[in-house]
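Colleague: The chain contents come next:
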Amino acid sequence: MMISLIVDGKEVQVERGATILDAARKAGVYIPTLCHDSRITPYGSCRMCVVEDRNRRGRLIPSCFTPARNGMDIITETPEITAARRTQLQLILTNHPLDCPVCDKAGECALQDLVIRYDIAESPYRIPKKDRGVDLVSPLIERNMNRCILCGRCVRICNELQGTHEIDFIHRGMETTIGTDGNRPLDCDFCGQCISTCPVGALTDTMFKDTTRVWKLEQNETACSHCGLACPIVLNTENSEIRRVTPPVSDQGDIGNLCVRGRFGWVSYAPPGRLSTPRITVNGKQQQASWPDAINMAAQSLNRIIDEYGGDACAVLSSDAWTTEEAYAYQKWCRKILGTHTMGSIAAEGYRQIVTILVEQLGETWNKGTLADFENADAIVVIGGGAAELHPVLKPMINSFLKGNEKELVVISSWRDFFIERATLPIEINPELRETFFSALREALLGKTKHHRSDVNDFGIDCSALAQFVSLLHQDKNIFLLIVPYLFGDNEQLGQLAACLSSRVKAILPLGGQFNSRGALFHAGFSPILQPGGVPAHGSQRGIAHADELFKAIEDGVIRALYILGDDPLEEYPDPERIKKLLEKLDLLIYQSPYEGAVASMAHIVLPSATVPEKEGSVVSLFGESKNLRSILPMPDGTKSDLRILQELVKAMKHVGTPYREEIICRELTELKSDPVAGETASQSQDAHLEFTWKEETINRKSQDYPLTMIPIPSLFGDGMVSRNSPQLNELRNGISILMNPDDFEERSFKKKDMVRITTPFGSARGSVDYSLNVRKGTILTANITGNAEGLSLFREHSRIVPAKLTRIEDHDC
Amino acid sequence: MKPGNDELLKEFTPEQIKKLDALIESYKGKPGGLIPVLEQAQEVLDYLPISVQKRIADRLNIPLSQVYGVVTFYSFFTMTPRGKHTCRVCLGTACYVRGGKVIHEKIMKDFGIKEGETTPDRLFTYETVRCLGACGLGPVVVIDEDVHGRIKPEKVKDVLSQYD
Chain P
1 MMISLIVDGK EVQVERGATI LDAARKAGVY IPTLCHDSRI TPYGSCRMCV
51 VEDRNRRGRL IPSCFTPARN GMDIITETPE ITAARRTQLQ LILTNHPLDC
101 PVCDKAGECA LQDLVIRYDI AESPYRIPKK DRGVDLVSPL IERNMNRCIL
151 CGRCVRICNE LQGTHEIDFI HRGMETTIGT DGNRPLDCDF CGQCISTCPV
201 GALTDTMFKD TTRVWKLEQN ETACSHCGLA CPIVLNTENS EIRRVTPPVS
251 DQGDIGNLCV RGRFGWVSYA PPGRLSTPRI TVNGKQQQAS WPDAINMAAQ
301 SLNRIIDEYG GDACAVLSSD AWTTEEAYAY QKWCRKILGT HTMGSIAAEG
351 YRQIVTILVE QLGETWNKGT LADFENADAI VVIGGGAAEL HPVLKPMINS
401 FLKGNEKELV VISSWRDFFI ERATLPIEIN PELRETFFSA LREALLGKTK
451 HHRSDVNDFG IDCSALAQFV SLLHQDKNIF LLIVPYLFGD NEQLGQLAAC
501 LSSRVKAILP LGGQFNSRGA LFHAGFSPIL QPGGVPAHGS QRGIAHADEL
551 FKAIEDGVIR ALYILGDDPL EEYPDPERIK KLLEKLDLLI YQSPYEGAVA
601 SMAHIVLPSA TVPEKEGSVV SLFGESKNLR SILPMPDGTK SDLRILQELV
651 KAMKHVGTPY REEIICRELT ELKSDPVAGE TASQSQDAHL EFTWKEETIN
701 RKSQDYPLTM IPIPSLFGDG MVSRNSPQLN ELRNGISILM NPDDFEERSF
751 KKKDMVRITT PFGSARGSVD YSLNVRKGTI LTANITGNAE GLSLFREHSR
801 IVPAKLTRIE DHDC
Chain G
1 MKPGNDELLK EFTPEQIKKL DALIESYKGK PGGLIPVLEQ AQEVLDYLPI
51 SVQKRIADRL NIPLSQVYGV VTFYSFFTMT PRGKHTCRVC LGTACYVRGG
101 KVIHEKIMKD FGIKEGETTP DRLFTYETVR CLGACGLGPV VVIDEDVHGR
151 IKPEKVKDVL SQYD
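So the protein lines, in turn, are chains P and G.
Take the first sequence: its position 450, counted from the start at 1, is 450 in my numbering, and no numbers get skipped.
Take the second sequence: its position 58, counted from the start at 1, is 58 in my numbering, and no numbers get skipped.
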């Protein structure tokens, strides 16, 4: 219902429940605020936003948390209001150091702006300023409590939006400050949301500290390439060098959400020590080469393999950290010139597996969902664990979602992740029985029970929880389904379950995609099963769809040439020993990336390419938002964009004509259906599609030798190639981390952060150990595995869970 | 036994920890349970170090920072061990002018502790108060529940030595 009121003589209509401040912003009237952030619940602590209602004169109302009422006649500036605001500012200044010359916030400080606006030279109250201390120890975030005005925005954003509650008001009274328990250094997500919301210079970015002044910065909006959410970010540059990353701020003052990767992981956009010269292998040794030599060698080698073995012997892998135009150009090259349909991504393998199953089961279109679908859903159902760990901005997104009226969150997971802790209906399943449960649930939903006569209790699930879930599916509710693939392993059961729920949900969104996975698959058709425009490929139009099959084909000598773009099978796939051996069998291995990955040293040809902010083109986020990127950073000497490299390669392969020029690629892309992925969810009508035979899973179960079940989980600090090339994120990852149940922890007499040896039937690695009440007994959660050869050796191709044992590393063992 | 016990066991007996766990359990899931738990925990354990707060936070599923915020707010809660006896000197106007200040300084000097601190032998915790409403008896020193009036600075030690 709308209500109508007047703000400074302007009539404005707002939704019932909106505040006076909301109404004023809508009317385009400025009201000063310090403690207000539209992302969190109003608090009313700074009293800058006081206004008056003409109908009730003589009363100052805080507009940020007073609901607007019909017929209000608001005035925002009168001598009384100005006097009140001035007094308020003077009181704030009483205890605020005027160290603006050395404060990073100067120039974009809300307090500074208001002091100027209200013409306050100094505070008339002269008492000694309190020394409340500066935290210089915590990584990435500096907390100068002397500058703090106690507005509480950081406390509220950390608690309400991020769900971390790392900091709170402490020593309340005359000595109030904001800090952690016992004033220890921060040990949190390091999302930096507190920095983004701080109106003054109390919370600042240590990477930015003392590098420059904010007014010298150029603001360049682009998309973050650390994961598939591709959140909007602002690269703050000075002389074309990145100084910091900030979230975008709307005209209304709304601040965007970012995570630790987006805010602090920017060094990998222009990494020091990046690849900058092509290399070729001559007589078994890599040596630097000129671009023409490297391109010619690549072209000749590829032509020779096509002639000898056919195009089918080639495969291309990408990390999806590229533009849709590039992905389109490469798939066109694969299909038209190389003659192969085998295009994949190790980094986004889980996402691609789920997509493959959904395309096979549901055909051309199913509703993959948009951000609006997510926000407007009645219920979000998440199947699989680690959604927020894969894509950390989902944390504030889900917490905002749950603030809505009667919103439901159902999470089905085999471990207690961030989402399941917040779920209105958490369904935790025994990790060893997960696949069996998915299969049984799917058959029950389809009304078949021929393979299973299982009892719910066998899975350790609360019967009523499951009943509630099934009843939710049958209600007339708007359900958004998120599918979270495993870090490693086979996602067949998960994908089949998702497909079977398609008729009951509004949208199905698979997670785990890299930067432009959705654009590369559904728009560009860089996929063995999808053609450009998201059209499914059939029969001989298809290539090898799964990484395991691809590696088998390399082992069998079927695939002779592998072209890798940014991906790294040695850093992201289980059992690197085996992968290394099979890659050695290849006749041709081309590695093209901005980064020196583990596989670079094995490649016959190494081609240095550009990072995302150096490129131009469009990308599509996992939520289907299309974004146009412009080149912000200059490409360093010796590197070329993926598209440019392809153009030269095509020329060198003696394919005449110029079908790979930018404008042609762009035109061809726009001629495709504009949004091939939208559409109503296809219901599963053809029974033929449903046939799927259930194979009993052969997992290694825990035993006396290996008494624990290890679940590999995604790292909050990023598992992808871009994140792994940030020194700051690597420092936070700090090697393999193992989380276990307090009882198991105590039994082994471990201490927090002890270094331990983790051993599985396949390998062994070192990691630091900690406990959490959220880990079930007999289970351990292991994170920060990618990019760590020891860590990857703990697993085998299809091992989504692995039995393990832990032993303390004695000092002499180190 | 849970991790964190090592730290707890250094200071407290297994019986005390058991009592603590039982009282946390009795408030689990009840809104507004934090302050009663802290109050009773302090009764059982005498003081609330971070290790105790962490145990309460974990088990009541409340962020530790919030527990710490509450503990540091109420002057009733203490994070350092308290002495067997509490010695309070009145520094209200009447006591102050009648020699309270001298007593205050003498106690600090004799015992080598400041206001709010506890003697190393944990016999006395020293505090000051502003007026006990017994101005006629000033200067007043209160030890536990006993009020000692018209105390001369040189008598303070004698009075305190009655307690052990």
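Worth flagging that the hints you see were computed from the coordinates, not collected in a lab.
Certain hints may be false.
[To be verified] Looking from chain G toward chain P, a few residues come up when the C-beta cut is under 8 Å (computed):
| id | residue |
| --- | --- |
| 1 | D46 |
| 2 | L60 |
| 3 | S65 |
| 4 | Q66 |
| 5 | Y68 |
[Unchecked claim] Just some of the chain P residues that point at chain G, by a computed CB distance under 8 Å:
| id | residue |
| --- | --- |
| 6 | D168 |
| 7 | F169 |
| 8 | H171 |
| 9 | M174 |
| 10 | G182 |
| 11 | L186 |
| 12 | D187 |
| 13 | L773 |
| 14 | K777 |
Remember, predicted model here, so these are calculated numbers, not experimental data.
Glycine is no exception: its CB is placed at the ideal position from the N, C-alpha and C atoms.
Colleague: For every hint, state whether the structure bears it out.
Modeller: Here is how each hint holds up against the structure:
1. For G:D46, the interface hint is violated, since its Cβ never comes within 8 Å of a Cβ in chain P; the closest pair sits about 19 Å apart.
2. Annotation: interface hint on G:L60 violated; nearest CB of chain P at approximately 11 Å, more than 8 Å.
3. Interface restraint check for G:S65: the shortest CB-CB distance to chain P comes to about 4 Å, inside 8 Å, so the restraint holds.
4. Proximity of G:Q66 to chain P holds as hinted, the smallest CB-CB distance being about 5 Å (cut-off 8 Å).
5. The restraint placing G:Y68 at the interface with chain P holds, with a minimum CB-CB distance near 4 Å, inside the 8 Å limit.
6. Of the supplied interface hints, the one on P:D168 holds, with its beta-carbon coming within about 4 Å of a beta-carbon of chain G, less than 8 Å.
7. For P:F169, the shortest C-beta to C-beta distance to chain G is roughly 5 Å, which falls under 8 Å, so the interface hint holds.
8. Against a cut-off of 8 Å between C-beta atoms, the interface hint on P:H171 holds, since the closest Cβ of chain G lies about 5 Å away.
9. Because the beta carbon of P:M174 sits about 12 Å from the nearest beta carbon in chain G, more than 8 Å, this interface hint is broken.
10. With a cut of 8 Å, the hint placing P:G182 at the interface with chain G holds, because the nearest CB-to-CB distance is about 5 Å.
11. Hint status for P:L186: violated, given a least beta-carbon distance of 11 Å to chain G, over 8 Å.
12. Interface restraint check: P:D187 against chain G, minimum CB-CB distance 11 Å, threshold 8 Å, status violated.
13. Given the 8 Å rule on beta carbons, the hint for P:L773 holds: about 6 Å separates it from the nearest Cβ of chain G.
14. Interface hint at P:K777: violated, since its Cβ lies 12 Å from the closest Cβ of chain G, which is beyond the 8 Å cut-off.
Hints 1, 2, 9, 11, 12 and 14 from the earlier list are contradicted by this structure; the remaining hints agree with it.
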